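Counting in the working numbering, the sequence shown runs from 37 upward without gaps.
Wrong hints could be hidden among the right ones.
Unchecked claim - Below, a list of computed lysine-lysine pairs in the DSBU-like style, where the Cα atoms sit at most 35 Å apart: (1) Lys254 <-> Lys268; (2) Lys226 <-> Lys268; (3) Lys263 <-> Lys226; (4) Lys254 <-> Lys226.
Don't read these hints as lab results, they were simulated from the structure. This structure is a prediction, so every number in the text was calculated from the model and none was measured.
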Amino acid sequence: MSALSKFFILSTLVLSAFTLTTPHVTRNLHQHHALVARKAVPDPMPAVGPYADLTVVKPRKLRRRSDTSRCAVKPSNSTSSVSSSAAPSSSLPPAVGVVAGPPSSSQAHSTQAPPPPPPPPSSQAAPPPPPPTSTHTPPPPSSTHAPAPSSSSSSSGNSPSYLLGQQTGQITFYADGLGACGITNSPSDKIAAVSEILFDSYPGYNGVNPNQNPVCGKSVTINYQGKSVTVKIVDRCTACAVTSLDLSTSAFDELADESIGRLFGATWTWND
Numbered sequence: 037m038s039a040l041s042k043f044f045i046l047s048t049l050v051l052s053a054f055t056l057t058t059p060h061v062t063r064n065l066h067q068h069h070a071l072v073a074r075k076a077v078p079d080p081m082p083a084v085g086p087y088a089d090l091t092v093v094k095p096r097k098l099r100r101r102s103d104t105s106r107c108a109v110k111p112s113n114s115t116s117s118v119s120s121s122a123a124p125s126s127s128l129p130p131a132v133g134v135v136a137g138p139p140s141s142s143q144a145h146s147t148q149a150p151p152p153p154p155p156p157p158s159s160q161a162a163p164p165p166p167p168p169t170s171t172h173t174p175p176p177p178s179s180t181h182a183p184a185p186s187s188s189s190s191s192s193g194n195s196p197s198y199l200l201g202q203q204t205g206q207i208t209f210y211a212d213g214l215g216a217c218g219i220t221n222s223p224s225d226k227i228a229a230v231s232e233i234l235f236d237s238y239p240g241y242n243g244v245n246p247n248q249n250p251v252c253g254k255s256v257t258i259n260y261q262g263k264s265v266t267v268k269i270v271d272r273c274t275a276c277a278v279t280s281l282d283l284s285t286s287a288f289d290e291l292a293d294e295s296i297g298r299l300f301g302a303t304w305t306w307n308d
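Turn these sequences into a full structure, and let the hints steer you where they fit.
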């Protein structure tokens with residue numbers, strides 16, 4: 037091989053190696069700058085005038101998410117300016133239901149009336165004690181305090197009611213004998229014994245000697261169912277009521293049969 041051929045081959049190898057180590061240079065540099073200088077120019081907005089045809093552009097309805105505050109679509113200036121004439125102003129907040137909260141502690145205390153205090157014990161009037169019965173029940177007049185009027189004064193206004201007018205009582209009978217007036221009687225005598233109260237309270241009796249009681253020897257007339265009998269007071273009956281009379285058998289037989297035993301509703305009056 038000649039030296040010229042070797043030189044040519046060596047030059048070719050050096051040139052190839054240089055080409056591989058040299059960085060790539062962009063071709064057509066002016067065209068690249070022209071593409072970079074080109075930028076997006078927004079379309080001109082249509083003129084809005086008094087006679088322009090306004091078209092409300094509705095925003096695209098997006099799918100709602102859980103948090104709409106983060107992904108809310110903000111309309112452009114042109115859309116908001118056009119839709120502001122038809123939609124209500126966005127400055128007014130939407131109506132929100134107002135829920136009345138619980139009253140404050142000061143209001144709760146002011147509206148609740150405190151319970152009335154219990155009345156003091158001193159305001160309760162104690163019931164008055166019952167009056168003693170002894171003051172309402174006068175003792176029967178004793179023979180020591182009764183005046184000693186004559187027999188004619190027995191019908192005066194100071195005498196007890198059982199000594200005046202007509203009396204009503206029960207009529208019984210007993211066996212005759214020695215009475216409180218000191219007189220011994222037989223069954224045929226029409227006599228009677230008055231009650232212990234009447235005998236002891238008769239005016240003029242001093243309560244010492246019953247034989248000297250002014251009631252002894254007084255007479256009364258008894259009426260029962262159309263029948264009557266007059267008897268003389270000679271004795272004192274301890275078991276009789278104040279206006280009841282205990283008769284001898286002969287006097288009782290004038291009014292009713294002894295089998296009846298006791299007569300109810302009989303009346304009698306004083307004769308002297």
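So which hints don't hold here, by number, going up?
none
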